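If you read the protein sequences in the order shown, they are chains E and A. The first sequence begins at 290 in this note's numbering and counts up by one. The second sequence begins at 160 in this note's numbering and counts up by one.
Honestly, I wouldn't trust all of these hints.
Chain E regions said to be covered by chain A (calculated; three or more residues, Cβ under 8 Å) [claimed, not checked]:
#1 383 to 396
#2 670 to 677
#3 683 to 696
Quick caveat, the hints were computed from the structure, so don't treat them as lab data. These figures come from a predicted structure and were not determined experimentally. Note that beta-carbon positions come from the ideal geometry of N, C-alpha and C, so glycine has one too.
Read off the chains here:
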Amino acid sequence: MKNHKRHLPAMFAIGLTTTLAMSACGDGFDDEEAKGNGEDATSAEGDASLVMLIATSGEAETAAVEEATDSWAEETGNEVEVRVASDMDQELAQGFAGGNPPDIFYLDASQVAQQATTGNLYAYEAEDNDDFFPALQDAFTYDDTQWCAPKDFSTLALQINTEKWEDAGLTDDDIPTTYEELSDVAATLDEGDSAGLVISPETDRVGAFVVGHGGWWLNEDATEPTGTSDEVIAGLEYVQDNMEEGHFVHAGDVDAGWGGEAFGTEAAAMTIEGNWIRGAMSSDYPDIDYTVAEMPEGPDGPGTLLFTQCWGVASESEAQAEAVDLVNHLTTPEQQLEFAEAFGVMPSRESATDEYTEAFPEDEPFIAGGDYGRGPINAPDMTQVVGDLTSQLEGLRNANIEQMMESFDTNAQAVLEQ
Amino acid sequence: MKSRDPQRQEGAGWLFVTPAIIVLGLFLIAPIGMALWVSLSDWTGRGSPISTDVNFVGTENYSALLAEPGLARQDLMISFRNTFYYVVGVVPLQTVLALSLAVLVNGRFLRGRTFFRTAFYFPSVVSSVAISLLFLFLFAGSGAINNVLAWFGVNGPNWFQDSRGLIHIFGDSIGIWSISDPPSWLTDPSVMGMSFWQWSAGPSVALSAIMMQVIWTTAGTFMLMFLAALQDLPLDVEEAAIVDGASKWQRFMNVTVPHLRPTILLVVTLGFIGTWQVFDQMYVMTQGGPAKTTLTPAYLSYQAAFTNGNWGQGAAIAFILFALIFILTTVQRWLMRDKYEWAQKKADRRLRRQQRRQHRETVNELQRKAQSS
Chain E
290 MKNHKRHLPA
300 MFAIGLTTTL
310 AMSACGDGFD
320 DEEAKGNGED
330 ATSAEGDASL
340 VMLIATSGEA
350 ETAAVEEATD
360 SWAEETGNEV
370 EVRVASDMDQ
380 ELAQGFAGGN
390 PPDIFYLDAS
400 QVAQQATTGN
410 LYAYEAEDND
420 DFFPALQDAF
430 TYDDTQWCAP
440 KDFSTLALQI
450 NTEKWEDAGL
460 TDDDIPTTYE
470 ELSDVAATLD
480 EGDSAGLVIS
490 PETDRVGAFV
500 VGHGGWWLNE
510 DATEPTGTSD
520 EVIAGLEYVQ
530 DNMEEGHFVH
540 AGDVDAGWGG
550 EAFGTEAAAM
560 TIEGNWIRGA
570 MSSDYPDIDY
580 TVAEMPEGPD
590 GPGTLLFTQC
600 WGVASESEAQ
610 AEAVDLVNHL
620 TTPEQQLEFA
630 EAFGVMPSRE
640 SATDEYTEAF
650 PEDEPFIAGG
660 DYGRGPINAP
670 DMTQVVGDLT
680 SQLEGLRNAN
690 IEQMMESFDT
700 NAQAVLEQ
Chain A
160 MKSRDPQRQE
170 GAGWLFVTPA
180 IIVLGLFLIA
190 PIGMALWVSL
200 SDWTGRGSPI
210 STDVNFVGTE
220 NYSALLAEPG
230 LARQDLMISF
240 RNTFYYVVGV
250 VPLQTVLALS
260 LAVLVNGRFL
270 RGRTFFRTAF
280 YFPSVVSSVA
290 ISLLFLFLFA
300 GSGAINNVLA
310 WFGVNGPNWF
320 QDSRGLIHIF
330 GDSIGIWSIS
340 DPPSWLTDPS
350 VMGMSFWQWS
360 AGPSVALSAI
370 MMQVIWTTAG
380 TFMLMFLAAL
390 QDLPLDVEEA
400 AIVDGASKWQ
410 RFMNVTVPHL
420 RPTILLVVTL
430 GFIGTWQVFD
440 QMYVMTQGGP
450 AKTTLTPAYL
460 SYQAAFTNGN
470 WGQGAAIAFI
480 LFALIFILTT
490 VQRWLMRDKY
500 EWAQKKADRR
510 LRRQQRRQHR
520 ETVNELQRKA
530 QSS
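Given the sequences, and given the hints that come with them, work out the whole structure.
This is the structure we're talking about:
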């Protein structure tokens with residue numbers, strides 16, 4: 290017995306080293322940085338089989354993407370497997386960590402800088418790159434490189450409840466075109482249980498007013514925070530003033546999770562949301578009549594926010610050339626219009642807009658935002674900082690804006706300096 | 160009798176334990192070792208963490224979380240504050256509730272015992288995700304809970320959107336302070352980057368809704384443990400107490416509870432560990448909101464790694480949480496120790512030490528004698 294006891298630590302040591310050695314064997318891939326243009330793209334020998342990871346909005350989107358990839362696969366003799374992620378961030382992270390990421394995947398503009406600095410992305414441009422909205426090209430440009438081809442985009446616009454609008458004696462001529470007019474109609478529409486305008490006070494909504502005042506959270510090169518600049522403060526103060534007067538309300542104040550829900554339950558006469566509100570309204574609140582108008586102009590001209598995703602291609606992919614070819618197929622104006630038809634996204638190519646507005650005239654205010662919209666913050670490691678700002682904006686009504694933005698600047702500075 | 164050969168037996172012993180060592184090593188020791196390494200490295204989540212372009216950064220991740228003022232430390236401290244109030248609220252309540260339920264369904268003359276046992280245990284069997292979704296609806300601004308409150312003329316809060324702390328609300332209602340304009344003697348001094356005012360917030364309304372859910376769900380599990388212990392209770396002691404004229408309450412407090420001490424210790428310890436690690440509810444219901452009042456270390460760790468791509472910090476948070484749970488559980492076990500048993504053990508140890516010393520001295524003496532002769 291004594292004899293055995295003395296061996297126990299050695300036993301564990303052996304076990305530990307074997308298992309560590311076993312797990313260490315897993316990293317046998319080379320870490321060459323695959324960055325650059327199409328010339329040094331990896332290409333599969335013979336027919337490629339690609340894996341595509343998508344975060345789908347529903348059955349319709351999955352089916353449309355599968356149909357499009359199938360037709361490419363048939364044309365070229367390659368294979369594409371479309372996988373639907375239930376938690377995109379996590380599944381992508383697992384792929385990258387395991388050295389076996391999907392070849393092609395949806396990538397949000399706010400994630401591009403992070404993934405690019407980590408070295409997970411293969412930078413490419415799709416055919417006829419200049420045809421994409423310039424704002425979208427910018428949204429995916431980090432470190433002077435455009436990392437991927439824009440898939441589609443959404444913008445914020447103003448939604449107005451038609452019945453309430455008419456009840457208040459307002460006409461089409463009254464649709465607000467400036468921030469003052471927006472405050473005025475919000476005050477007129479603010480009646481009893483129904484507020485004037487419901488807005489989720491988060492960076493992704495309030496930011497539109499910051500843009501309208503000519504400001505932005507970071508400077509042009511995304512190297513310095515500019516949260517305490519006069520323009521940003523003015524944009525936030527505009528929202529705060531209106532909230533104090535009670536014409537603008539927080540979605541949470543009227544028992545709603547987001548602006549669309551508050552708008553649908555008629556807790557407010559107006560809201561500011563993106564084109565995704567269409568789906569929610571038609572499925573959850575089909576009886577509500579509403580019109581969509583462009584965001585009113587601020588002191589510095591029109592301002593809205595733009596949300597977009599691109600087709601990311603992995604730097605670890607063994608068939609980058611094929612993946613880019615697939616992207617070319619998926620971003621043709623014809624294919625983009627098919628996607629628009631199937632699940633209501635707006636095409637990222639300018640050459641497709643005319644046909645799109647012809648088919649969906651009521652979406653014109655949304656697509657107009659493509660010309661002057663502003664993409665998300667485009668710098669690595671900013672997720673936590675933006676998250677902190679959003680959580681502070683929840684208390685915007687009573688917040689000390691100067692103090693709030695000072696802490697944002699401090700936090701952002703610490704990240705950007707790294 | 161070759162099989163009695165000690166050499167051969169050792170070989171067979173190794174053979175038999177090898178699968179267990181490999182399984183434990185592969186699924187337990189290696190991952191923990193890797194996580195520890197990640198927490199000390201600058202791994203970006205690309206490729207294996209033990210490849211050549213991952214660098215050792217020492218305690219950088221830990222110091223960002225604990226020493227340097229900044230967002231990382233602020234968020235960790237907020238999550239500690241939230242979880243502290245969460246633990247303090249959940250553990251005593253769930254233990255008391257579980258014990259009461261167990262005593263109730265243990266009653267020999269209760270009708271429909273099996274039904275009640277099943278009913279109380281039921282929430283523990285249902286997936287916590289499904290229950291979370293259910294509670295989201297129950298506690299919605301215009302949900303069932305608020306409708307019931309409205310019958311009594313109470314205007315319920317919009318639970319999951321309300322970030323006000325309960326202690327803040329209480330102080331506000333009895334006029335010690337005002338939430339919209341907190342006194343400067345609370346807002347000015349700060350510890351670890353958070354003001355006393357923030358530290359003393361108490362669980363937010365949103366967090367208390369989650370606390371209610373967790374108490375309701377876990378009480379059933381612990382009830383089962385108490386029930387098992389109650390059924391092992393010697394009947395004669397209780398009968399003796401009846402003969403002595405002890406009332407029902409006296410019997411419960413002086414006979415039943417002391418007998419249940421080991422089970423109470425187990426339930427409280429498990430409760431402590433489980434509550435500090437709370438994750439599911441935050442992941443499904445609130446994602447840390449409103450205003451970060453439901454942020455917990457476990458959720459923060461997940462967020463740091465998977466959303467922010469900061470794997471080193473994510474792993475470091477996990478180890479800090481481990482250290483915290485380890486220390487707190489040790490303290491809690493020491494506080495709840497059986498003092499008599501503890502003293503006995505201590506005396507035993509002292510005796511053993513003494514015996515060993517004596518033994519050594521005798522051996523030394525014998526050796527000396529042998530050398531000198």
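Tested hints:
Three residues within the 8 Å Cβ limit are the bar, and the region 383 to 396 of chain E against chain A gives 3, so the coverage statement holds. Here's how the region 670 to 677 of chain E fares: 5 of its residues keep a CB closer than 8 Å to some CB of chain A, so the rule of at least three is met and the hint holds. A count of 3 residues in the region 683 to 696 of chain E with a Cβ less than 8 Å from any Cβ of chain A is obtained; the coverage claim is therefore met, three being the minimum.
Violation of the numbered hints given earlier is absent; every hint is satisfied by the structure.
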